[in-house]
Amino acid sequence: MVAHERLSIQDHRDTADGAAGAASTSGTPYEWPLLRMGEEDQFTRARALQYLLKAHGYKVRADGFFRQDTWDAVMDFQQRKDLPADGKVGGQTWPELVKEVGPGSGTFEVRALQELLDNAGQGGTAVSGRFTAETIKDLRFFQRTYGLPATGRASAETWLALLVNQLPPVKAPGYQRAAPSPLPSASV
551 MVAHERLSIQ DHRDTADGAA GAASTSGTPY EWPLLRMGEE DQFTRARALQ YLLKAHGYKV
611 RADGFFRQDT WDAVMDFQQR KDLPADGKVG GQTWPELVKE VGPGSGTFEV RALQELLDNA
671 GQGGTAVSGR FTAETIKDLR FFQRTYGLPA TGRASAETWL ALLVNQLPPV KAPGYQRAAP
731 SPLPSASV
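Numbered according to the numbering used here, the sequence shown spans residues 551 to 738.
You may find that some hints are simply not true.
[Said to hold, decoys possible] For lysine to aspartate or glutamate, the following EDC-like pairs were computed, each having C-alpha atoms within a straight-line distance of at most 16 Å:
hint : residue 1 : residue 2
1    : 638       : 619
2    : 687       : 668
3    : 638       : 581
4    : 609       : 622
5    : 638       : 589
6    : 609       : 619
7    : 638       : 622
8    : 649       : 707
9    : 604       : 646
10   : 638       : 626
11   : 604       : 581
12   : 604       : 622
Bear in mind the hints are in silico, worked out from the structure with no lab data behind them.
Just need the whole structure built from these sequences, with the hints factored in.
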């Protein structure tokens, strides 16, 4: 069983070591994950990044591979937001990139949310780009599980918790694949 800790937003700015984000009730800091260009499949986090870039108007493939097209989009996004333009997505870029998502949100930001929800449990959240009743149910379940306000909307605090609590890819060694509780729609 995975221990669940309450997250709270403290500071979205990078510290000198690049840390930013939330802290658990135990005081252990959570950081926005760092993604950078590489040929390896970076899985769900990279697909969520790519969908979020699409939500901001960039034309990138949402395939989980952080290649040149994703790097170019990140660099342009960082420059437009007056962020340090290094092509890496971490504590300064994620908070600017994520959008509050709820009913009526755009297709790409909803897909990013659904990708992360689907991989945070044992699957079951359909990645449709439509903010459905099942998406709300799964999002509220995730929020309750991680001690967040169960609003059914994805705030920066929820995005951080989702990004931090992603399961390793299926091809990861068995000891890295401990699964948290399934989301409600996984049992339907």
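Okay, the hints, checked on the actual structure:
no.	hint	verdict
1	638 with 619	13 Å, holds
2	687 with 668	12 Å, holds
3	638 with 581	14 Å, holds
4	609 with 622	10 Å, holds
5	638 with 589	14 Å, holds
6	609 with 619	8 Å, holds
7	638 with 622	11 Å, holds
8	649 with 707	11 Å, holds
9	604 with 646	14 Å, holds
10	638 with 626	12 Å, holds
11	604 with 581	24 Å, violated
12	604 with 622	13 Å, holds
The structure fails hint 11 only (numbered hints given earlier).
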